[in-house]
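Q: From first to last, the protein sequence lines stand for chains A and B.
Throughout the first sequence, residue numbering follows the working numbering, covering 131 to 273 in sequence.
Throughout the second sequence, residue numbering follows the working numbering, covering 49 to 316 in sequence.
In case anyone wonders, no lab produced these hints; they're calculated from the structure.
None of the values given here were measured: they were computed from a predicted structure.
For glycine and all other residues, C-beta sits at the position ideal for the given N, C-alpha and C.
Please note that a few of the clues may not be correct.
Unchecked claim - Looking from chain B toward chain A, a few residues come up when the C-beta cut is under 10 Å (computed):
#: 1; residue: Thr-210
#: 2; residue: Asp-212
#: 3; residue: Ser-213
#: 4; residue: Arg-214
#: 5; residue: Ser-218
#: 6; residue: Pro-243
#: 7; residue: Thr-244
#: 8; residue: Val-245
#: 9; residue: Asp-246
#: 10; residue: His-278
#: 11; residue: Thr-279
#: 12; residue: Leu-283
#: 13; residue: Gly-284
#: 14; residue: Glu-286
#: 15; residue: Val-290
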Amino acid sequence: MVSDSVRPLAREAQVMPIVSDHDVVLVRRAARELAEEIGIGLVARTKLVTACSELARNVLEHAGGGRASLAVVSPDGARRHGVEVVFADDGPGIGDVERAFERGYSTKRGLGLGLGGSRRLVDDFALSTEPGEGTTILIRTWA
Amino acid sequence: MPNKKKLSARLHDRRDAVLAAWLKDLDGQLDRDTRGFRDDASTILDLLITQCGHAEERWDEAADSLTELARARVAAGFATDETITLVSALRSAALREVAALDDIELLRHLSKLLDVFLRYLVDAYVEARDLVIARQQEDLLELSTPAVKLWDGIVAVPLVGTLDSRRAVSVMESLLNKISETQSTIAIIDITGVPTVDTQVAQHILRTVAAARLTGARCILCGIRPSIAHTMVELGIELSQVETHANLAAAFAAALRSRGLDVRTSDA
Numbered sequence: 131m132v133s134d135s136v137r138p139l140a141r142e143a144q145v146m147p148i149v150s151d152h153d154v155v156l157v158r159r160a161a162r163e164l165a166e167e168i169g170i171g172l173v174a175r176t177k178l179v180t181a182c183s184e185l186a187r188n189v190l191e192h193a194g195g196g197r198a199s200l201a202v203v204s205p206d207g208a209r210r211h212g213v214e215v216v217f218a219d220d221g222p223g224i225g226d227v228e229r230a231f232e233r234g235y236s237t238k239r240g241l242g243l244g245l246g247g248s249r250r251l252v253d254d255f256a257l258s259t260e261p262g263e264g265t266t267i268l269i270r271t272w273a
Numbered sequence: 049m050p051n052k053k054k055l056s057a058r059l060h061d062r063r064d065a066v067l068a069a070w071l072k073d074l075d076g077q078l079d080r081d082t083r084g085f086r087d088d089a090s091t092i093l094d095l096l097i098t099q100c101g102h103a104e105e106r107w108d109e110a111a112d113s114l115t116e117l118a119r120a121r122v123a124a125g126f127a128t129d130e131t132i133t134l135v136s137a138l139r140s141a142a143l144r145e146v147a148a149l150d151d152i153e154l155l156r157h158l159s160k161l162l163d164v165f166l167r168y169l170v171d172a173y174v175e176a177r178d179l180v181i182a183r184q185q186e187d188l189l190e191l192s193t194p195a196v197k198l199w200d201g202i203v204a205v206p207l208v209g210t211l212d213s214r215r216a217v218s219v220m221e222s223l224l225n226k227i228s229e230t231q232s233t234i235a236i237i238d239i240t241g242v243p244t245v246d247t248q249v250a251q252h253i254l255r256t257v258a259a260a261r262l263t264g265a266r267c268i269l270c271g272i273r274p275s276i277a278h279t280m281v282e283l284g285i286e287l288s289q290v291e292t293h294a295n296l297a298a299a300f301a302a303a304l305r306s307r308g309l310d311v312r313t314s315d316a
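For reference, chain A alone in the conformation it holds in the complex (with noise of 0.2 Å):
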């Protein structure tokens, strides 16, 4: 499943390797100090940092790895702001999408409630997907 969405408005963003559990608390930290910068609210903020955490660390647990793009964007003019994270990796890929969305669907041990919940948490959300090519996942939370 490819989709065009996941193409960010960011020409330029901060890059961050997810390696270890302590890259996914910097990730977390770099977002959290992105959307206070933009005023993103308490409510909001904290829901992009939670999705966060769920991507940065489904990274880690199903490829092994890979990285955060973050990045503040403005699409029209100076009216709207928003943060963008990008987290790709080159992992095994989703193999069944719909699936992989289900409440309680989980290939490892967890509560699989991550990716789905992660989707209603943000305002924006994009995934593209291939087996063996990797998943690149897009995120976005507007101000």
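Take the given structure of chain A and dock chain B to it, following the hints.
A: Chain B in isolation, oriented as in the chain A frame:
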């Protein structure tokens, strides 16, 4: 073959000059008091002079001493670049004295030795730093997960900070131990200090609740901030089997009630 005896003799003769030039250079470059470093500097210089005189390369002894010295630098709070500055300042001071002999072979040999010195120092330095960090991590693990007894039969564990898998296991252990040690029937888990509750953290909490239940204790969860509550609902985290309260005070009051106790203002 460079005349190693000649090199060693030259540095030995000019020892005080090298030391003085080195320390002076450091004073200018390092943003800290180098007076305390004088003894260590003499030791390093003497090691270098001895090392220059060896016909064959033997590093065991020097390596041990350098490791010791690097540890002392870590303890003194030196940063990596400061450690490198140390050796490069020694390099310029020593090379200056040996340059006067006008023997390129000697300079080359000295430079090679100094490279090895630098490598040993930096290796030892990084190792010593890693050790400090590992120890701090252990300390933090112990520190941040104290399960405490609040009353007969009631224990509590306040969770603070990032709950990664290692810490979660440590929390669970500490809580279960406290439950059995105090023969408690109620365990309060306070997550006021946890900034992010994702599915992994939720899973750890649910496992702790299940394990506590097996040891005969009921868990009460408290301190879920409104923004986190919102997020947990959206994520679909199911905590309906767990009794929850707004804060530690409410959870403690509920725990006391269920033990048949109640808190009153004294008449006096």
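Q: Take the hints in turn and mark each one as holding or not.
A: Checked hints:
| no. | hint | verdict |
| --- | --- | --- |
| 1 | Thr-210 | holds (5 Å) |
| 2 | Asp-212 | holds (5 Å) |
| 3 | Ser-213 | holds (7 Å) |
| 4 | Arg-214 | holds (8 Å) |
| 5 | Ser-218 | violated (14 Å) |
| 6 | Pro-243 | holds (8 Å) |
| 7 | Thr-244 | holds (6 Å) |
| 8 | Val-245 | holds (7 Å) |
| 9 | Asp-246 | holds (4 Å) |
| 10 | His-278 | holds (5 Å) |
| 11 | Thr-279 | holds (5 Å) |
| 12 | Leu-283 | holds (4 Å) |
| 13 | Gly-284 | holds (5 Å) |
| 14 | Glu-286 | holds (9 Å) |
| 15 | Val-290 | violated (14 Å) |
Of the numbered hints stated above, those contradicted by the structure are hints 5 and 15, listed in ascending order.
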